[in-house]
Amino acid sequence: MGRLSPALLLPLLAVAALAAGPLVAGTFYVQLLTKIMILVVFAMSLDLLVGCAGLVSLGHAAYFGVAAYALAALSPQYEAANLWLTLPAAMAVSALAALVIGFLVLRTSGVYFIMATLAFAQMLYAFFAESGVIGGSDGVYIYSKPEALLPGGLKPFDLERTTDFYYVALAAMAGVYVLLRTILHSLFGRVLVGIRDNEQRMRSLGFQTFRYKLAAFVISGALAGLAGYLSAAQFGFVNPELLNWHRSGEVLMMVILGGMGSLYGAALGAFVLVLVEDVLGGLTTHWLLPMGIFIIAAVFLLPEGIAGLWRSGLGRRRRPAAPDPVEVATDAAAVEEAAADA
Amino acid sequence: MDFVTFLIQVLNSVQYGLLLFLLASGLTLIFGIMGVINLAHGSFYMLGAYLALSLTQYAGNLFLGIALGLPLAVLFGLVLEKLFIARLYHRDHLYQVLLTYGLILVFDELRSLIWGNDVHGVPVPKALDWSIPLTDTLSYPVYRLMISAICLAVAGAMYVLIQKTRFGMMIRAGVANREMTQSLGIDIGLVHGFVFALGVALAALAGMIAAPVSSVFPGMGGQILIISFVVVVIGGIGSIKGALAAALLIGFADTFGKVLAPQVSGMAVYLVMALVLLLRPAGLFGRTAA
Chain X
1 MGRLSPALLL PLLAVAALAA GPLVAGTFYV QLLTKIMILV VFAMSLDLLV GCAGLVSLGH
61 AAYFGVAAYA LAALSPQYEA ANLWLTLPAA MAVSALAALV IGFLVLRTSG VYFIMATLAF
121 AQMLYAFFAE SGVIGGSDGV YIYSKPEALL PGGLKPFDLE RTTDFYYVAL AAMAGVYVLL
181 RTILHSLFGR VLVGIRDNEQ RMRSLGFQTF RYKLAAFVIS GALAGLAGYL SAAQFGFVNP
241 ELLNWHRSGE VLMMVILGGM GSLYGAALGA FVLVLVEDVL GGLTTHWLLP MGIFIIAAVF
301 LLPEGIAGLW RSGLGRRRRP AAPDPVEVAT DAAAVEEAAA DA
Chain D
343 MDFVTFLIQV LNSVQYGLLL FLLASGLTLI FGIMGVINLA HGSFYMLGAY LALSLTQYAG
403 NLFLGIALGL PLAVLFGLVL EKLFIARLYH RDHLYQVLLT YGLILVFDEL RSLIWGNDVH
463 GVPVPKALDW SIPLTDTLSY PVYRLMISAI CLAVAGAMYV LIQKTRFGMM IRAGVANREM
523 TQSLGIDIGL VHGFVFALGV ALAALAGMIA APVSSVFPGM GGQILIISFV VVVIGGIGSI
583 KGALAAALLI GFADTFGKVL APQVSGMAVY LVMALVLLLR PAGLFGRTAA
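Chains as they are written, first to last, in the working numbering: chain X, 1 to 342; chain D, 343 to 632.
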C-alpha cells in the first residue's frame, strides 16, 4: 500500500496521544477521557451494524444497559466482584439478549428494523423500570469496582485507581478497534458489506444472509456489553436510564456524525459529541437546543460525517451517492472471488 | 373481574387504542407515501398538548382551543415539510433518523423555554365534566367517551378522504408506486406536503384531546412515539386499516396488561409485537417487508 491510510495512521496517533494523557491531564480530564473511550467502544460496536452491515439499530442501548445490570447483579453488596468472571458473564448476557432480539428484528428490514429495534430496547427499559428487580426505577449502586484478581493472587491493575482504569479503557478501545478491523477484512466482514449493498445478490450467491446478520448483531451486542460493563464499573451506579432510547439515539448520532463504516469515524463522533456536550453544557442549561441545531446542520452540511472531511481534505473525494468508507472490496465480484477462495 | 369493571376496561382500551390510531395513521402514511421515518412525531403530540394548555387558557374552552390550534398545526407541518423533510426524500433512512432526532431535541428545548418543565393539567370542558354512574361506586367519565367519539369521527373522515376523494386517490397511488404516480403528472411534492401536515395535525389533535386525561408533561412525546412505532410495525407500514386494527390491539393489551399483571404491564405491548414479528414479519396488513 504505502499510502497514507487514515484507517491506520489516525488510530495510531490517537492511541499514542491518549497514552500520554494521564501524564499531562488532571483527574477530571482523565475521567472524562475514560468515559469517552468507553463510549467509543459502544459507538464502534454499533458501527459494525450500521456502517458495515447496513442495519440501522435504534435500540443499541439495550445491550449496553443489560451488561451494566449484569455487573450490578453479580457484584456482592460490600465486596468487589472478580473482573475475570463478571466481565465475560456480562458480555455473554448482552450477547444472549442480542441473539434473542436479533432473531426477531432481523426478520424485518429498512425502516421496520429501526422501529422494531427501538421497541425491543424499550421493552427491556420497561422491564428494569417497572418489574422492581435490581433496584427498579431508582437503580442501584455498585460500591466497589471489579477486582482484576488472577488465580495466583496476582493483580495486574487496580480499577479503583483512576489512571489504571484509564489505561484499561484505552486498551479496551484499541483492542475492539483491532478486533473489528480484523472482522471487517475477513470474508465474514466482506459478506456483511455485500449484504448492505445488495442482499438479494448475496443470497443468490448462496450465502445464508440471515445467519451472517445475526452473527454481526450478536458480536455487536457483546461489544456494547463490554462498554456497558466498563461504564457501570466507572460510575458505580446503574439505573433504567442506561437503556433509555435517548442513549440509543445518542450513540447512533455518534456513528453517523463521525462517519459510518470506518470505525475511526465512530470514535471521532463519540469524542466530538461528548466534548460539544461538555462545552455547551457549561454555557447553558438549554444546551440540547444548539445540539439539535448542530445535528440538523450536520445532516445537510456533512453528508459523509466528520471523517468524510478528512477524506475530502486529502483530495480523495468519493462519489457522494455511494460513500464507501470501509476500505475493503465491496463490489459483488470481489465477494464472489473471496467466496470461491473459501 | 366483574362485568362492570370489565366494561370499564374495555372502554378504556378502545379510547386508548383510538388515540394511538390518530398518531399511528399519520406515521404510517408519512412513511408509506413519503418514505420518511419521522421520530419527531411524538413531539407533535406533545406540542398539541401544550398548545391545548395555552389556548384553553386564552380561549377559555378546550374546544375553542382545538379550533384555534389545529390550523396552527397544519401550518406548522407544511412549513416543516418544506424546510427540512422535503430535502430528505432521496437520502438514506439514517439521515431521516438523524434529522428528526435533531428536531426532537429542538422541540423539547423550545417547549422547556416556553412552558417550563412542570406538569400541568388542562380542565375538562364544563359540559362534559360529569360521569355516567354504572353501579353504586363505579362510574365512567363522559369526557373519555367523547375522546373515543372524536377519534371515531376522525377515522371515518379519513376513510372518506382516502377512499372517496380525488386527493385520497393520489395518496393511495403514492403508497402503491411513487414514481408511477409522478409520471402520471401528479404533483407528488404537493401530496407530500399535505400528507405531512395531515400527520402533524392528527398527532397534535391527539395531544390536545388527551391533555385533560393524561395531563401535560415534558416526556409525553417520547413515550407515545415508541408505542406508535409498535402500532405501525404490527399493523404494517402504509396501511391505515392495519394501523386501526393494531392500535386497538395495543389498546387492549396495554389496558388489560395493567389490570391483570401490573408488575410487567409495560412489557405487554412489546410481547404482542414480538409475536406478530415471529408470525407475520411484514405486519398484520403489510404488503411486504418494506
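Just so you know, these hints were derived from the structure itself, not from any lab.
Since this is a predicted model, take the numbers as computed values, not measurements.
All residues carry an ideal CB built from backbone N, CA and C; glycine is no exception.
A few of these clues could be false.
Examples of chain X residues toward chain D, derived with CB under 8 Å [claimed, not checked]:
| no. | residue |
| --- | --- |
| 1 | L58 |
| 2 | W84 |
| 3 | I256 |
Computed footprint of chain D on chain X; a stretch qualifies when at least three of its residues, placed anywhere within it, have a C-beta under 8 Å from a C-beta of chain D [stated by the list, open to error]:
| no. | stretch |
| --- | --- |
| 4 | 210–223 |
| 5 | 295–307 |
Q) Tell me, which hint numbers fail for this structure? A) As far as the earlier hints go, 2 and 4 are violated by this structure, in ascending order.
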